[in-house]
Amino acid sequence: MDEVSRLRAAVAAAMRVDGSPEAPAFAVSAVVARALPGDGAAITLMPSDETRETLAVTDEVIAAIERAQFTLGEGPSLDALTTGRPVLVSDLGDPMSRAAWPGLTGRLADLPVGALFAFPMQLGATVIGVALSYRAVPGDLSRDEVTFALRAVDIVTMALLRIREGAATGDEDDWLGDGVLGARQVHQATGMVMVQLGGVAATIAFARMRGHAFVLDHSIEEVAGAILAHRLVFDPDEEPTT
Amino acid sequence: MLLPAHDADAASSEAGSSEAPGPRPSVCPVARADPCLGTASAVATLLGLAVGVGERQGPVAALTRVAEAALSVLPAADAASLVMTGSGGAGGRLLWASDPLSHALDQAQLAHRDGPAWHVAGEEAGQVELVTDLAVERRWPAFTTRAVRLGVHSVLSVSAGVLDPRVDATAQEQVALNLYAKRAGGLTPQSAEIVLLMLLLATQAMRGQDALAAAGDLALHLRRGMATRTTIGQAQGVLMERYRLTPEDAFDRLRITSQDLNRKLREVAAEVAATAVEPQRPGRR
Chain A
1 MDEVSRLRAA
11 VAAAMRVDGS
21 PEAPAFAVSA
31 VVARALPGDG
41 AAITLMPSDE
51 TRETLAVTDE
61 VIAAIERAQF
71 TLGEGPSLDA
81 LTTGRPVLVS
91 DLGDPMSRAA
101 WPGLTGRLAD
111 LPVGALFAFP
121 MQLGATVIGV
131 ALSYRAVPGD
141 LSRDEVTFAL
151 RAVDIVTMAL
161 LRIREGAATG
171 DEDDWLGDGV
181 LGARQVHQAT
191 GMVMVQLGGV
201 AATIAFARMR
211 GHAFVLDHSI
221 EEVAGAILAH
231 RLVFDPDEEP
241 TT
Chain B
1001 MLLPAHDADA
1011 ASSEAGSSEA
1021 PGPRPSVCPV
1031 ARADPCLGTA
1041 SAVATLLGLA
1051 VGVGERQGPV
1061 AALTRVAEAA
1071 LSVLPAADAA
1081 SLVMTGSGGA
1091 GGRLLWASDP
1101 LSHALDQAQL
1111 AHRDGPAWHV
1121 AGEEAGQVEL
1131 VTDLAVERRW
1141 PAFTTRAVRL
1151 GVHSVLSVSA
1161 GVLDPRVDAT
1171 AQEQVALNLY
1181 AKRAGGLTPQ
1191 SAEIVLLMLL
1201 LATQAMRGQD
1211 ALAAAGDLAL
1221 HLRRGMATRT
1231 TIGQAQGVLM
1241 ERYRLTPEDA
1251 FDRLRITSQD
1261 LNRKLREVAA
1271 EVAATAVEPQ
1281 RPGRR
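From first to last, the protein sequence lines are chains A and B.
Each residue of the first sequence is one higher than the one before, counting from 1 in the numbering used here.
Each residue of the second sequence is one higher than the one before, counting from 1001 in the numbering used here.
Bound conformation, chain A alone:
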């Protein structure tokens, strides 16, 4: 069996896992994340910059990379989403990368990340998320690795669509159950900040949260947690009070 057939078989098995409603989605994502080339990878559902749910990570480094991308609102994943094309960054430290993503490259400077490879999960023009892998050492993916990654990303995309199609999703679209830890909290915190700022649009509230996270070198999830715990309150006059 070749690599791709093995992956298909593993994904098919993962689609049949039992347990919580979100178990199959998390399982297939984990299988594909482990198979992607590189030192580690993540599978993230991402219809927009502000809505991201990471279904699988293979290590803490990629988890930190995803948190940083989400918090800062920049990076190869967002570019892959908006262009519908893979974004292959062979050297995160080079001047072009630093110019493209100044916040992200700064935040990742202390992590063992040399290269980042983002692949949009898409069907035609519709992107549902981004698969991201990293390498500690800068360098390109080989042609075979890119080819395999593209196939693997197609496989996980179709698998997730089929899982969602087969799930009895109600009015609340709960095929992911309670969802990824932290994702719903970010949205709830956004709603709270909307009111705290006097009834502003969600996108403005979210931008303020991001700004706060950036200044404090926190993640957006941490800021959301503080807001939900009432440890952090926003005010229409610039500085949030803690």
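If you are wondering where the hints come from, they were derived from the structure by calculation, not from laboratory data.
Calculated from the model, a selection of chain A residues having no Cβ within reach of chain B, i.e. all distances over 12 Å:
| # | residue |
| --- | --- |
| 1 | Val-17 |
| 2 | Ala-100 |
| 3 | Arg-210 |
| 4 | His-218 |
| 5 | Arg-231 |
Pair ranges (Cβ atoms, derived):
| # | chain 1 | residue 1 | chain 2 | residue 2 | range |
| --- | --- | --- | --- | --- | --- |
| 6 | B | Leu-1220 | A | Ser-90 | 28 to 38 Å |
| 7 | B | Leu-1047 | A | Ala-125 | 16 to 26 Å |
| 8 | A | Leu-216 | B | Gln-1204 | 55 to 65 Å |
| 9 | B | Gln-1280 | A | Glu-145 | 49 to 59 Å |
| 10 | B | Pro-1247 | A | Gly-103 | 24 to 34 Å |
| 11 | A | Pro-37 | B | Asn-1262 | 49 to 59 Å |
Virtual Cβ for every residue (Gly too), placed ideally from N, Cα, C.
Guided by the hints, dock chain B onto chain A, whose structure is given.
Positioned in the frame of chain A, the structure of chain B alone reads:
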């Protein structure tokens, strides 16, 4: 589309054998002035057909592309048309004609509800009626007289069923694709094979597009679903902050509002997330 499991290879060798290969060239006789098929342009036409059919404009549009492709690939064919022959011999209408000639010929068939198209109509898809010389054809006298008077001597009608795999074809009307040639013998069994092959190709292309489109719909639904999850979370947050509620109580409040107003929960959530306030309750001022 209802095509019989059509083995194009077997059928074309059959067609070849009816023209007795060997000393006489069978498929594309070199002796003739016109080659019946220029291979490269035929391949290009078939590819264009697959792509064109894939543009999802519906079964009749797909069949029109097949008819146009057949016209371009078969030099002896002078005109083409599509007719819907109606179920059980009643009804019928002209769907498309490449020019006034085929339109007039179809009118002739329709007027008498008789002719090669009507002959293949009641049959399952993929049935062929080929007349190489209308001058000696005894069936359908009204039609053949008119055709010969218009200068047409050869006709090929193929029943195409309904080119839509999702539709129950047994309940559907039949569509016939017609090709007309001025030259007797201009349309041959091999012409028929080519048209059937094109219909098969078009069916596969439509099936593929249907599958792709269905998957594309799933992708859009997934995106919309995630947007729903986002707005529900944001709506919860708005209520949590306004009324000092826990997330669970905020969700319950959304659900109660949705029931009271008889609106979907995701719509209520979307409104709360957009306005940062609860929707007005009826009777409240």
